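2 protein chains.
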Amino acid sequence: MQTEERNARIIARGKALFASIAGEKPTLFNTSSWTGKIMEWSMRNEQFKIQLFRFVDVFPSLKTSEQLTGHIREYFGSEQDMPPVLSSGARMAGMFGTLGGSLLAKLISANIHEMAGQFIIGEQVGAAVRQLGKIRRDGFAAVVDVLGEATLSDEEAEAYIATYQVLLGALEHEQQRWECLRGGVGDPELDWGGSPKVNVSVKPTAIFCMANPQDFEGSVQAILKGIRRICARVVALKGFLCIDMESYRFKDITLEVYRRLKLEYRDYPHIGIVLQAYLRDADRDLADLLSWAVAENIPISVRLVKGAYWDYETVRSAQMGWEIPVRTVKADTDATYERLARMILEQHQICHFACATHNIRSISAVIEIAKELQVPEARFEFQMLYGMAEPVRRAILKETGRVRLYSPYGDMVAGMGYLVRRLLENTSNESFLRQSFSGKARIIERLLEDPAVTFAQEEAVQAGLPNKSDAGHDGLPPFANEPMVDFTRADHRVAFPEAIARLRSQPAGICPLFIGGSDSVTDDRISSRNPAHPSEILGQVCQAGIPEVDCAIRSASDALPAWRDTPHRDRATFLLNAAGIARGRIFDLAATQVLEVGKQWDQAYADVCEAIDFLEYYAREMIRLGVPRRLGAVPGELNHYLYEPKGVAAVIAPWNFPLAISCGMASAAIVSGNTVVFKPSNLSAMVGHHLVDIFREAGLPPGVFNFVPGRGEVIGDFLVEHPDISLVAFTGSMEVGLRIEERAAKIHPGQLNVKKVICEMGGKNAIIIDDDADLDEAVPQLLGSAFGFQGQKCSACSRVIVLDALYDRFVERLVKAARAWRVGPAEDPAFAMGAVVDAAAQKKISEYVSLGRLEGTVLYESPVPQGEGYWVPLTIIGGIRPEHRLAREEIFGPVLAVMRAKDFDQAIEWANCTGFALTGGLFSRSPEHLDRARHAFRVGNLYINRGITGAMVERQPFGGARMSGTGTKAGGPEYLLNFMDPRVVTENTLRRGFAAEEADDKRLG
Amino acid sequence: MQTEERNARIIARGKALFASIAGEKPTLFNTSSWTGKIMEWSMRNEQFKIQLFRFVDVFPSLKTSEQLTGHIREYFGSEQDMPPVLSSGARMAGMFGTLGGSLLAKLISANIHEMAGQFIIGEQVGAAVRQLGKIRRDGFAAVVDVLGEATLSDEEAEAYIATYQVLLGALEHEQQRWECLRGGVGDPELDWGGSPKVNVSVKPTAIFCMANPQDFEGSVQAILKGIRRICARVVALKGFLCIDMESYRFKDITLEVYRRLKLEYRDYPHIGIVLQAYLRDADRDLADLLSWAVAENIPISVRLVKGAYWDYETVRSAQMGWEIPVRTVKADTDATYERLARMILEQHQICHFACATHNIRSISAVIEIAKELQVPEARFEFQMLYGMAEPVRRAILKETGRVRLYSPYGDMVAGMGYLVRRLLENTSNESFLRQSFSGKARIIERLLEDPAVTFAQEEAVQAGLPNKSDAGHDGLPPFANEPMVDFTRADHRVAFPEAIARLRSQPAGICPLFIGGSDSVTDDRISSRNPAHPSEILGQVCQAGIPEVDCAIRSASDALPAWRDTPHRDRATFLLNAAGIARGRIFDLAATQVLEVGKQWDQAYADVCEAIDFLEYYAREMIRLGVPRRLGAVPGELNHYLYEPKGVAAVIAPWNFPLAISCGMASAAIVSGNTVVFKPSNLSAMVGHHLVDIFREAGLPPGVFNFVPGRGEVIGDFLVEHPDISLVAFTGSMEVGLRIEERAAKIHPGQLNVKKVICEMGGKNAIIIDDDADLDEAVPQLLGSAFGFQGQKCSACSRVIVLDALYDRFVERLVKAARAWRVGPAEDPAFAMGAVVDAAAQKKISEYVSLGRLEGTVLYESPVPQGEGYWVPLTIIGGIRPEHRLAREEIFGPVLAVMRAKDFDQAIEWANCTGFALTGGLFSRSPEHLDRARHAFRVGNLYINRGITGAMVERQPFGGARMSGTGTKAGGPEYLLNFMDPRVVTENTLRRGFAAEEADDKRLG
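Those protein sequence lines, which keep their order, are chains A and B.
If you're matching positions, the first sequence starts at 385 in my numbering and goes up one per residue.
If you're matching positions, the second sequence starts at 385 in my numbering and goes up one per residue.
What the hints contain is simulated information worked out from the structure, not anything from laboratory work.
One or more of the hints may lead you astray.
Which copy? The list can't say, so a pair holds if one copy fits it or any two copies do.
Stated by the list, open to error - Within a straight-line C-alpha distance of at most 30 Å, the following computed DSSO-like cross-link-like pairs (lysine-lysine) qualify:
hint, residue 1, residue 2
1, 1386, 714
2, 1286, 490
3, 755, 714
4, 447, 609
5, 1286, 622
Model, not experiment: these values are computed from the prediction.
Hey, can you work out the whole structure from these sequences and the hints?
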């Protein structure tokens, strides 16, 4: 059939369908109800919509009347100020007077429950099953989905599976009583001659809490293990099992789980999967799946949806620097939907099709394509969401007889996420439903247009527009963070083990000093070891003594004049070159960290990304700052503000971010025109030496960057006190930092400058869990912040301060979730936590764990591997009070102190009560508490409703005050200023009464 | 006569005059000459014009062929790159080949000489007199003006007078041979029946080098004394003496000189003065002068000009913050000219009128007004400049018979300033001449319009335009420096002695401490004394001991939490209030400094202005910085960058800028949310206590600002080492500064923060005098920089490095100029230099003078007053080499070391060779050297072709590096950052897959 002809038929059918529902409105848009009014108001008022949706999100966690009343006021203002729509139903009940907070709260609460009830078939299994009977009596089939909180632990996964077992038990019994829905030919025990009466959907991430593409095979195995148990039961009662598709991150895992499961149930046809048309991968994934099914001759079933995580996917990919996995133009998704539907229908013999959409154009297209391809009725059905678009589902039922409602059940807490998604869908400007019921003929015409044509037109318009890309500084593209590793990509997954193997295949070499542009070998050496296998030696690190450091300082001094006078744009170019070199060997640089300091794959990769970010960012910062600024605009004088480097910089780096922090401090010093003597930590000198290679290859002149690993107790003071050193950039412990501050402040004979010390020290960082926190988010973020890289980050969370009301529930979920963290070598992605960096760290941390036993109670202590390795358990200690050492001293290991605060004020007070002020976090959904924390939670980096590690260059400039540092912010817009002195050059341009005019002169008042 | 009728007649006459010169061109616009070509090119190319005029300015000082060749290249590029017009004449001579630098230079040099010759009647008196004869033979009279360098010393003033004596001697003889120009009725020995044949102009500032409205009466007396000698001679030979009007600064002095002179020569009619129509004061000044003449019945003569210092006046007033004294609309000046001309002509019986303009409209108006008022011909004449607008002068001569040419003579060096002014006049877009000879009828119509009408129209247009004033921050007007004291205003001149008398009329009181919002008196007190009269005691300053300082720190700590949390806008408002209070008592604040530290009037006033500037600027800076900035634009997260104060600040201030520096450091600390313990110098505690009054009246909460004068050796270390102090802001000597750096770096038990030290220390500042420097500028600026406030500024010049080629000439002028600086009490404006601050300073400086005698040669040592007072002589010591202590150590007194450098490289090397790097200066007109100095002269504040003291807030942020300070810049855009720690608050705004969109999100790649 010709495209035009088919399209004409589709439009005709669409018009007929629209005609059949003319004048009807879905419940949701019925403005005589509170829900309808609220929806309408939300569509007109974006700010209200945000507040409303956020309030709906927090609503189920509000346990007391005070909490509820307080949050209503915080979100919407006092009753007098809030939009009338919110209190309107209430106000009627209150006879036009004001209601008082408590009555208002009760009424709003009732309304929200009613709103949720619109989309959920019940909170308990009994109610749900009864509602299913009603649905069937109305002529619809159903697919049941169990709403649940995020699965954070094996116990919660187990509970999820158990819920299905209960549900299936109830349905097994109930389905006996259900008559089959009117069918064509086929099995008379099945709906429509082909579909089981019992149909359930399951979510893979609910089945395995540690699902993660980084451990692809482990994740597939674990999910499969759980899903088999549900599947067996479904098959036993001859039901249908659909594996839901969630976010893109788990897509390939889910497809793999589906294929393996199907291989186990080759002949059982009623196991389906969901595909999302909005994904750019969708065509390829569907083609692969269909050819696999054909090749294996395995009957499959596909539910085709548009996709429900668009906001999340676009935001997350922007945050991670990845290509956006979803289509960004609505018409593109709609056109894809029709294209994929056709692909499936063409293979209807092997693939059953569930067309899941409310879009009348898409539905009409499917009906016409099926007709054209003569697809038997039993091979395709229509699915819509319970509670939405009632007129559409009635019309399609009338037309096709085969409509299945997606019917979630479960409790309110879990249901709110689902509710918010549904509200979003219905209020978005692009919502088909919203437009469908506008009642305007012109709009209907447009809704029925061929999306492929619309998309092509939009593309053409876009192509004609000027290029949107920002100019950035000086011809460079603007700064963007280096993309994070993306384990949804198979090439990234294989690159890690390959790089580790490559590294191990090389014999352990000698790591020399680098002074004045040349390698320099010393006899004094120490071994670099893998903390998980200390017998594995990665290299021999030459140790600098005082003569070598002295020589390096001389080299740096000699190189200074020429480097200082190198144009700032050229200095920046060296950094950009270095960034390119690092980018080219990113997996090797990460693999070295995995083995040398025991860092997990993703974190090691992130460290290299951060190093690249520093190079790219500081290069641009110098290009920005390098141009003299005119100050004032008084005629007859030109005042230029410019910068000059401080001189020779000593850069003293820690081992925990072995490339990023070293590279950040060194590159900031270098690009601003200083020359550098770099002392890495001996624990990460192999990684540190990579910096030598990178800068050497980037062509940095000799003497600008010198590398002198050595023992701090031998060379540290000498380096810091040397009169030719003008600047010390240090990141490390408080003890060493304070010693440097004191030593550097002493003026020695012949000293050039008062030394500048840039000092980043430790932290004793707390996360506050407010009583309305979203635990689905808080628990995993907290675990990541506390135990990622074994807690060996100055930003790591070492205290969690939990509000009394939530304490028990929180600790329970936390400890259960922690059990899922397995401890083992970082090179194996199955382990979430590895070994600590050396025996000294192991000893110190173990002592703190012992102390914790005295000061508090051990809530959890993980098992650790036997045999060699610097293992310490993941440890959670409860009952800690502010006066305890565990609440005050930096441990720098995987030990988390849990504190119970009576209220938010106390939580803030405790959070601030250590000598440190580095990072902090707060999980709360109280606007007032968030506002208060912004000011009163006095740390360098405060994170709200997310983890507290992983600061990104430019976005989260990093560093703290008090005993955590001197208020410098690495990766921020003021960082380079620490490395330079500002100068002002003033020229009198008035000569002989004649002043050259400048364009920006302020003349004549 | 009706205005319209008169205007019609003026236009008709103007048209006739234009018609009579149709087709003629002045020499200057004749493009067949090199000058004409150059002028035309300049009019088309602003950048070339600037370079050309600057080159013309430096040209006479280029003594060698190499210098000349070098400067041609630096100004215009190599021969290949320079505009063809510049080398065109030359190229023709060179037969179309390239010429080689030396030949090109010779030809350009010859052309510039020719260009100058156009405007100057001769370099020597003989040639000039001959040229005058020729002028007279052409039918023109002349007024002779002697071009001279700026008068920098009494000797130079004497030489100027002597030149006039020689000139008058020659003219006395010569005039015998001159026939009278055709006259009407009247004295047959006079030109035109009324005008002496000999007519000379003199410049008041050439007669007294220290002329200064601050010492109004002294200036009038000194000028009168010199002018009398010329006048006597002029009267003796029955000539005409005109007193020229120069810049606005000297206008009232000149008018006063004229009146006093006329009172001495009541009946001699041939003494005139110049009035400038472009001055806003012109109507009032003329009216005053005419009524004075009528009242006294003294015949006067006025030459009315438009005014030649427009650029200078507008630039200077903008720089000083004064109202612009000149009219800013050309038509306004032209209309004023006609109005004033009418006023004079109406009083023609008492006032002779010289109409000095080339503007045909103005001339026509004068002719018509004179006709209307029936003014006898002998009572008015026309004046034009020699070398300009030849067709116009011929036409007016033909029309009126009475044209006098303003005829300068003198040497090239002095002549170039005059030449540049003439070139500017002819190339300006608004130039009447330039337009007059365009030959276009439409332009002529417009040139002849009534300027009063044109001006009214322009005013109406301006009034209709939207208000141009910038919005500034948060509704405040943008920052502008507080206007400097303006001694051209009589009210400012009387305010100082009044304020000093007021201060002296109060009994010496007790200056208490101020702690926690209350005064606090101690028994330990020291006397504050006037350094010029140590027996004069200004007050008893209570001394804080350790208990008082401890108490002040506690008060500040207690006040911190509330002050820190006070909204930044409110904190800023306190500063703005304080600024208003200081502004209201500005003369009293300045007078206290005059008596307490011996600061001269203008400098004391400037110190208070700077204090007000700090308050106004830091308030705005905090308003700017107080708003959290979003970083990154990634969707789903909000990163806000904000600041938090460091804590309790110790502010330790010096005595030399007793209000400004104290107020600057304290207000920066306060506005950024810190609380302050302020220790002033005991030498300026009375001034310091004014800050208490100001902040108290501004309503600052108790404890935010505490005042604890005391002995450094008693309380200094305690204050700096106190664990509750988080910040030390210090300005003072290197010795104390370095001690503070060391002490503050030690961490004490219970200490809150690593202390931040903001440290501004000394300088050993050099000015380089390049071999092409403009000595007219360099010498007075150098003296001001070295000896202003007795050299007691960290920015003061204490070394001058002179290039060998100019050394002798420079030193000669310098020493002569220094002799004019009289030393005496600061309260008397007759004295340029006062006493040093105390006996210890006197002793230390005297020791350096003795040392200077050993290391070098005393070139000049001023006399000092006898009797009490901490006097040291103004001292200039030559023969100093870099290794001498006088070249390396800060003296902090009026001692200048002179060094002779062999070339510019050596000068730069010497300039940089001390341990300090605070200020520096360069007088040069070599573009290459200026460029080099910008980078290679490594000081915090480099000043090009101006003095090196008096940095202004916002325009010249102040501070240096090396042993001069830690690279902070007071009054600059980064200063407040030193007082705060940056924080980042990151919020994850993605909840339940729903991210509120921000307007500046970067979405979708």
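Comparing the hints with the structure gives:
1. 1386 with 714: between (51 Å within a copy, 19 Å between copies)
2. 1286 with 490: within (26 Å within a copy, 92 Å between copies)
3. 755 with 714: within (26 Å within a copy, 86 Å between copies)
4. 447 with 609: neither (36 Å within a copy, 97 Å between copies)
5. 1286 with 622: neither (53 Å within a copy, 104 Å between copies)
Going down the numbered hints, you'll see the structure goes against 4 and 5, while the others check out.
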